[in-house]
Every structure is written in structure tokens, then in C-alpha cells.
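Each chain, letter by letter, is given below.
2 protein chains.
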Amino acid sequence: MKAVGFKTSLPLSSPNSFIDFETDKPAPKGHELLVKINAIAVNPVDYKIRQNAAKDTELPSPKIIGWDACGVVEAIGNEVSLFKVGDKVYYAGDINKPGCNAEYQVIDERIVGRKPKQLSDEEAAAMPLTALTAWEILFDRIRISAEKDKGKTLLIIAGAGGVGSIAIQLAKKIAGLKVIATASRPETIEWCKKMGADVVVNHKNLVDEVRNAGFQHIDFIVDFVDTNSYWDDMAELIRPQGHIASITGSAAPVALNKLKTKSASFSWEFMYTRSTFQTEDMIEQHHILNKVADLIDEGVIVHTLTQTLNGLSAETLKKAHEQLESGTTIGKLAIKY
Amino acid sequence: MKAVGFKTSLPLSSPNSFIDFETDKPAPKGHELLVKINAIAVNPVDYKIRQNAAKDTELPSPKIIGWDACGVVEAIGNEVSLFKVGDKVYYAGDINKPGCNAEYQVIDERIVGRKPKQLSDEEAAAMPLTALTAWEILFDRIRISAEKDKGKTLLIIAGAGGVGSIAIQLAKKIAGLKVIATASRPETIEWCKKMGADVVVNHKNLVDEVRNAGFQHIDFIVDFVDTNSYWDDMAELIRPQGHIASITGSAAPVALNKLKTKSASFSWEFMYTRSTFQTEDMIEQHHILNKVADLIDEGVIVHTLTQTLNGLSAETLKKAHEQLESGTTIGKLAIKY
Numbered sequence: 001m002k003a004v005g006f007k008t009s010l011p012l013s014s015p016n017s018f019i020d021f022e023t024d025k026p027a028p029k030g031h032e033l034l035v036k037i038n039a040i041a042v043n044p045v046d047y048k049i050r051q052n053a054a055k056d057t058e059l060p061s062p063k064i065i066g067w068d069a070c071g072v073v074e075a076i077g078n079e080v081s082l083f084k085v086g087d088k089v090y091y092a093g094d095i096n097k098p099g100c101n102a103e104y105q106v107i108d109e110r111i112v113g114r115k116p117k118q119l120s121d122e123e124a125a126a127m128p129l130t131a132l133t134a135w136e137i138l139f140d141r142i143r144i145s146a147e148k149d150k151g152k153t154l155l156i157i158a159g160a161g162g163v164g165s166i167a168i169q170l171a172k173k174i175a176g177l178k179v180i181a182t183a184s185r186p187e188t189i190e191w192c193k194k195m196g197a198d199v200v201v202n203h204k205n206l207v208d209e210v211r212n213a214g215f216q217h218i219d220f221i222v223d224f225v226d227t228n229s230y231w232d233d234m235a236e237l238i239r240p241q242g243h244i245a246s247i248t249g250s251a252a253p254v255a256l257n258k259l260k261t262k263s264a265s266f267s268w269e270f271m272y273t274r275s276t277f278q279t280e281d282m283i284e285q286h287h288i289l290n291k292v293a294d295l296i297d298e299g300v301i302v303h304t305l306t307q308t309l310n311g312l313s314a315e316t317l318k319k320a321h322e323q324l325e326s327g328t329t330i331g332k333l334a335i336k337y
Numbered sequence: 001m002k003a004v005g006f007k008t009s010l011p012l013s014s015p016n017s018f019i020d021f022e023t024d025k026p027a028p029k030g031h032e033l034l035v036k037i038n039a040i041a042v043n044p045v046d047y048k049i050r051q052n053a054a055k056d057t058e059l060p061s062p063k064i065i066g067w068d069a070c071g072v073v074e075a076i077g078n079e080v081s082l083f084k085v086g087d088k089v090y091y092a093g094d095i096n097k098p099g100c101n102a103e104y105q106v107i108d109e110r111i112v113g114r115k116p117k118q119l120s121d122e123e124a125a126a127m128p129l130t131a132l133t134a135w136e137i138l139f140d141r142i143r144i145s146a147e148k149d150k151g152k153t154l155l156i157i158a159g160a161g162g163v164g165s166i167a168i169q170l171a172k173k174i175a176g177l178k179v180i181a182t183a184s185r186p187e188t189i190e191w192c193k194k195m196g197a198d199v200v201v202n203h204k205n206l207v208d209e210v211r212n213a214g215f216q217h218i219d220f221i222v223d224f225v226d227t228n229s230y231w232d233d234m235a236e237l238i239r240p241q242g243h244i245a246s247i248t249g250s251a252a253p254v255a256l257n258k259l260k261t262k263s264a265s266f267s268w269e270f271m272y273t274r275s276t277f278q279t280e281d282m283i284e285q286h287h288i289l290n291k292v293a294d295l296i297d298e299g300v301i302v303h304t305l306t307q308t309l310n311g312l313s314a315e316t317l318k319k320a321h322e323q324l325e326s327g328t329t330i331g332k333l334a335i336k337y
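Sequence order for the protein chains is A and B. Position 63, counted from 1, in the first sequence is what this note's numbering calls 63; the numbers after and before it change by one each time, with no gaps. Position 263, counted from 1, in the second sequence is what this note's numbering calls 263; the numbers after and before it change by one each time, with no gaps.
Don't read these hints as lab results, they were simulated from the structure. Errors might be hidden in some of the hints.
Lysine-lysine pairs mimicking BS3-like chemistry, simulated, CA-CA at most 25 Å apart [unchecked claim]: (1) A:Lys55 <-> B:Lys260; (2) A:Lys97 <-> B:Lys258; (3) B:Lys25 <-> A:Lys260; (4) A:Lys258 <-> A:Lys55; (5) A:Lys63 <-> B:Lys260; (6) B:Lys258 <-> A:Lys258; (7) B:Lys318 <-> B:Lys25; (8) A:Lys291 <-> B:Lys318; (9) B:Lys148 <-> A:Lys150; (10) B:Lys55 <-> A:Lys258; (11) A:Lys48 <-> B:Lys258; (12) A:Lys48 <-> B:Lys260; (13) A:Lys173 <-> A:Lys117.
So, partial list: chain B residues that the calculated Cβ filter (under 10 Å) puts toward chain A [unchecked claim]: (14) Ile142; (15) Glu147; (16) Val207; (17) Arg211; (18) His217; (19) Trp231; (20) Arg239; (21) Ala245; (22) Asn257; (23) Thr261; (24) Ala264; (25) Trp268; (26) Arg274.
Computed from a predicted structure; not experimentally measured. Even glycine gets a Cβ: it sits at the ideal position worked out from N, Cα and C.
With the hints as constraints, model all of the structure from the sequences given.
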């Protein structure tokens with residue numbers, strides 16, 4: 001099968017930052033599905049791995065990355081019970097296994113959902129990673145309850161990005177929260193409002209911006225930019241007994257003590273935790289993806305695709321990574337095979 | 001009225017580390033009760049405040065500390081609705097207001113509970129601060145659910161201390177958890193088992209101790225000693241998607257990133273958050289204290305008093321603080337007036 005990968009971590013300006021190559025079509029075992037991929041999407045995690053996974057070294061064979069795909073089940077392992085050959089599926093995959101920048105991929109059925117019927121392949125491919133991340137951070141980490149937390153406030157740092165775009169929708173439509181999102185450009189501000197944000201503020205001077213918008217304290221804060229940079233602001237803004245969560249990691253140690261007097265909580269969301277540790281509740285990702293598909297098909301939430309490139313090739317992947325590395329992408333970018 | 005306090009933070013060896021003095025009996029306003037105190041208990045927070053609240057300075061009048069008391073309502077403010085004159089009550093108070101090392105105290109009714117009927121005054125005085133702390137850390141911060149979390153594992157670092165002693169009981173009896181507690185001396189190990197711990201391990205080489213006891217990962221960890229010292233061990237032991245909580249503060253910044261791959265959560269519990277910020281749910285502490293009184297009266301949980309001193313005086317308070325500063329106290333120490 002055709003695939004795209006890299007043997008060495010290189011800047012996109014290098015001709016070998018991505019390479020086209022041929023490799024064997026994988027065979028599904030146990031709970032695995034073999035999926036013929038029709039479209040993929042790219043995410044910041046892709047270029048972070050491309051930039052770091054093979055620094056100052058050359059891998060023996062190209063590494064295939066990419067963790068957002070939509071396709072059709074072509075074969076199944078002997079323990080598969082959730083899908084059958086011919087099913088249309090979408091999924092974000094497992095970061096410890098070969099990715100979706102290829103014609104085919106094997107993938108554990110417990111982290112795969114049925115493709116939303118109302119979406120094209122590329123629209124569907126744009127959703128899994130961000131929808132899983134947003135769902136998990138809101139409902140599994142912070143454990144926001146539609147029943148108990150309706151009307152509470154949520155601050156989303158980086159509302160117009162991939163995760164922000166779906167987090168705004170889930171917070172509004174599913175949890176009934178009042179959503180304050182950050183964005184700074186006219187087009188990102190407009191996008192956040194389109195996704196459903198009640199208030200959009202600038203991320204610079206965040207505390208003042210939020211206070212000027214009429215909010216002294218915020219019940220829940222999610223950070224999609226950088227934990228270290230926003231720590232002091234988040235500690236200042238969080239309501240006593242409130243909950244902060246982030247997906248970004250923190251390179252430097254954190255002044256955790258700033259949350260103490262408020263008895264505040266902090267959670268990490270790493271969308272690959274369940275697959276990495278093969279947790280007992282790994283199948284939750286199957287359920288989440290199916291719920292998201294239902295919500296899309298019912299018209300409750302909308303896809304977040306804004307740009308589509310065509311064709312599986314090193315050249316297309318380079319263009320896609322270039323766009324993501326710019327840090328200005330609104331919503332999601334997909335590649336249609 | 002008679003009271004005990006200090007004007008300067010001094011070591012207990014100094015004659016003025018505590019002083020006996022007379023002051024006006026306070027008058028209750030609004031939601032306040034005037035309580036005639038029959039017994040108090042001491043907690044580590046007491047000596048931390050005595051050691052730090054008036055460093056290198058002399059306060060104009062003595063500061064009254066102490067936040068665990070049992071007594072009788074003698075008068076009520078005009079908005080009081082939960083109690084009447086003559087009611088026997090117990091409470092942990094508000095750290096921003098004068099404490100209970102005095103004959104009388106005014107206290108907001110929303111953070112007061114009915115005294116457990118089965119306990120003596122000193123036994124009852126031993127319970128509020130630790131019971132509120134343990135209840136809040138388990139059920140309000142980590143949000144352990146008796147329904148969903150039964151049979152999961154909880155590691156309690158410092159099982160034999162005041163908070164540990166009641167946390168073991170609540171975790172076992174109310175939440176149905178499997179409790180692993182740390183203790184290192186024969187008498188503290190025995191005490192933890194008496195409180196209901198399933199397994200007792202040494203806090204030294206904590207990771208090895210817990211693993212040797214048969215637990216690879218722990219669902220919930222509560223730290224009652226020092227967040228910085230145990231951070232690496234807790235990060236290693238916590239189960240993916242698990243939850244760590246602490247009451248101790250962290251002087252140094254923390255490598256929060258160590259929890260990221262596991263999508264783990266961290267919460268602070270500060271028992272004075274609700275009263276400090278006058279949160280809308282402040283009355284929860286009234287409900288918690290009443291629930292704990294019910295559990296004690298029904299014989300589900302037992303008091304944790306192990307030592308009683310007699311008489312409200314600077315001399316008695318010095319003895320009590322001396323015992324607490326030793327760091328070897330098992331359960332709680334009370335003073336009967």
C-alpha cells in the first residue's frame with residue numbers, strides 16, 4: 001500500500017521531511033479492524049511528533065503518523081464484535097501505533113465510531129481527535145454535568161482552534177454552560193461566535209479581559225495553548241472550588257500552591273491515555289464517537305472543517321503541516337484521498 | 001470572658017508563646033450563634049498559625065486561635081434559622097475570625113452541626129475539622145461516589161493522623177473503597193488497622209511498599225504530609241485517569257507534567273475555602289457535620305480522640321501544641337474546659 005512517513009525529524013523546508021513509500025497492507029488481529037482510508041485530518045500533535053520523534057537519528061523504516069481518519073472496514077480480526085466489513089467508520093487512533101497517513105490502517109474497534117451519516121468523508125475525518133479531546137476534558141476530567149452545572153461559566157483559552165471549536169459546541173449544546181472563549185483576530189472572533197461562544201475575549205491581559213466582560217470568577221477553565229503561560233491568570237480567575245484542565249503539557253514546574261486557598265482542581269486531558277494504557281474503559285471512546293455522530297446527524301453540533309487538501313502524498317502532508325505550524329488555523333484541515 | 005492567645009509568634013519555650021487574658025464576650029449578629037464552649041481540639045493548623053501569624057511583630061491585642069469546638073448555643077443572631085438557644089453544637093469555625101481558645105465564640109450557623117449525641121464534649125470537639133477535611137477531600141474534591149467507585153483503591157499518606165483517622169473510616173464505611181494507609185510505628189500501624197485500613201505500608205520507599213503489597217496503580221491518593229516530598233511517588237502510583245488530592249500545600253513548584261500521559265487530576269482541599277470565600281454552598285459544612293453526627297450516633301464511624309487535657313489556660317495550650325509539634329500524635333488531642 002501507499003504511505004507517507006519520515007525517517008528523520010526535519011523542518012518542512014527539507015525534501016525528506018515527508019517521504020512517499022510503499023509498505024505491506026497490515027492484517028487485522030483480535031479486536032482490530034482493517035480500514036481503507038478515504039480522508040484524514042491533521043492536528044498539532046502530528047507536527048510535534050514529526051519534529052521530535054527522530055531527532056538526530058535515522059529510523060530503519062519510515063514512521064507513519066496521523067491520527068484522524070474516516071474510511072470503510074475492509075476486514076476484521078477474530079474478536080471484533082462492534083463492526084462488520086463495509087461499515088463506514090471514523091476514529092483518532094492510538095499514538096503508539098502506525099498512524100493514518102497511509103491507504104490502510106489497522107485500528108482497535110474499541111476506539112472507533114460509526115461515521116456521521118450527514119458528513120462527507122473529509123468532514124468526518126476532521127472530527128474524532130478534537131471531539132474525543134473536548135468530550136473527555138469536559139465530561140470525563142472536569143466531569144461537568146448537564147444536570148448540575150447548567151448555567152455555570154467555562155473559559156476556553158483558544159476557542160477557534162480544532163479542540164476549541166468543538167469544545168465550545170459541546171459546552172453550549174450538551175452542558176448548557178455560559179462559554180467565554182479567547183480569540184484575537186476578527187476571523188477567529190467571528191468563528192468562535194459561530195461555534196456558539198457567548199462572549200469572546202482577547203487572550204492578552206486575560207484577567208482584565210474576563211473581568212471587563214463581567215466575570216469575576218469562572219467555574220471551569222480549559223487551556224488549549226500553554227499551561228505555564230496561563231497558569232497565573234487561570235489561578236486568579238478560577239472560582240473557589242473550581243476546576244482547570246489542559247491538554248498542552250507544561251515544560252516548567254508549576255506553582256500548584258496558587259490554587260490551594262480556593263480548593264481548586266486541575267486535570268490533564270491526554271486523548272491517548274485510554275489506548276496507551278489499554279484502560280478497562282477504553283471502549284468509552286467508541287461510545288463517545290458514536291454519541292458525537294448522533295449529535296452531528298441530529299443537527300445539534302456541526303463539523304469544524306474549514307480547509308481540504310487533496311491526495312495522499314508527501315507533498316500534501318507538507319502543505320498541511322505548514323498550515324498547522326503557522327498556528328493560525330481556524331477549525332480543522334483535512335486531506336481527501 | 002477568659003481567653004488564651006498570643007501577640008507575637010514565639011517558640012513554646014517562651015513564656016509568652018501563649019498568654020491568658022480577659023476580653024469581652026462577643027455578641028452574635030445575623031447568622032451567628034454565640035456558643036459557650038465546653039471542649040476544644042487542636043490541629044496542626046493551630047501551631048502553624050501560632051508560629052507564623054505575628055513573626056517579628058507584636059499585635060495590639062492577643063490573637064485567639066483554635067478551630068475545633070463543642071459547646072452550647074447561648075444566644076443567636078436575628079437571621080439564625082438552623083439552631084436555637086440551648087442546642088448542643090460542634091464546629092470547626094472560620095480561620096479568618098477569632099478562634100475557640102476562649103470561653104465563648106460567635107460562629108456562622110451555616111458551618112455548625114448538631115453535636116453527636118453518643119459523644120462526650122471532648123470526643124465531639126475532636127471531630128469537626130478533620131471530618132470536614134476528610135469528607136470534602138473524598139466527596140467534594142475527588143468526588144468519590146459510593147455508587148460508582150465501590151471497590152476502588154485509595155492510598156492515604158499519613159493514616160494515623162487526625163485527618164487520616166477519619167478519612168480511613170469514611171473511605172471504608174461510606175465509599176466502600178479498599179484503603180491502603182501509610183504508618184511506620186507499631187502503634188500507628190495498629191491504629192490504622194483499627195480505623196479500618198485494609199493494608200498498612202511504610203511511607204519510606206512508598207512506591208516499592210505499595211507495589212509489594214500487590215498494587216501496581218492506585219485509583220485515588222490523598223496526601224496529608226507534604227505534596228512536594230511525595231509528588232514523584234504519587235505520580236508513579238496513580239492509575240491512568242486517577243485523582244490525587246492534598247491538604248498540605250506545596251512550598252516549591254511542582255512537576256505537574258508527570259501526570260499528563262495518565263490524564264490524571266489533582267485537587268487541593270482547604271477546609272476553610274467555603275467560609276473564606278463565603279461560597280454559595282457554605283451551608284454544605286452544616287450538612288456534612290450533621291451527616292457525620294448521624295454516622296457516629298448510628299455507630300457507623302467512631303470518634304478519633306486519643307488524649308484529653310483539662311482546663312482552658314495558656315499552660316494547657318502550650319502542652320497541646322508541644323504534643324502536636326512533635327508530629328507523633330495519633331488521632332486527636334482535645335482540651336476539656
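Hints, one by one, checked against the model:
{"no.": "1", "hint": "A:Lys55 <-> B:Lys260", "result": "holds, 22 Å"}
{"no.": "2", "hint": "A:Lys97 <-> B:Lys258", "result": "holds, 22 Å"}
{"no.": "3", "hint": "B:Lys25 <-> A:Lys260", "result": "violated, 33 Å"}
{"no.": "4", "hint": "A:Lys258 <-> A:Lys55", "result": "violated, 36 Å"}
{"no.": "5", "hint": "A:Lys63 <-> B:Lys260", "result": "holds, 24 Å"}
{"no.": "6", "hint": "B:Lys258 <-> A:Lys258", "result": "holds, 18 Å"}
{"no.": "7", "hint": "B:Lys318 <-> B:Lys25", "result": "holds, 23 Å"}
{"no.": "8", "hint": "A:Lys291 <-> B:Lys318", "result": "violated, 62 Å"}
{"no.": "9", "hint": "B:Lys148 <-> A:Lys150", "result": "holds, 22 Å"}
{"no.": "10", "hint": "B:Lys55 <-> A:Lys258", "result": "holds, 22 Å"}
{"no.": "11", "hint": "A:Lys48 <-> B:Lys258", "result": "holds, 19 Å"}
{"no.": "12", "hint": "A:Lys48 <-> B:Lys260", "result": "holds, 16 Å"}
{"no.": "13", "hint": "A:Lys173 <-> A:Lys117", "result": "holds, 20 Å"}
{"no.": "14", "hint": "Ile142", "result": "holds, 9 Å"}
{"no.": "15", "hint": "Glu147", "result": "violated, 14 Å"}
{"no.": "16", "hint": "Val207", "result": "violated, 17 Å"}
{"no.": "17", "hint": "Arg211", "result": "violated, 17 Å"}
{"no.": "18", "hint": "His217", "result": "holds, 9 Å"}
{"no.": "19", "hint": "Trp231", "result": "holds, 9 Å"}
{"no.": "20", "hint": "Arg239", "result": "holds, 8 Å"}
{"no.": "21", "hint": "Ala245", "result": "holds, 8 Å"}
{"no.": "22", "hint": "Asn257", "result": "holds, 5 Å"}
{"no.": "23", "hint": "Thr261", "result": "holds, 6 Å"}
{"no.": "24", "hint": "Ala264", "result": "holds, 6 Å"}
{"no.": "25", "hint": "Trp268", "result": "holds, 4 Å"}
{"no.": "26", "hint": "Arg274", "result": "holds, 8 Å"}
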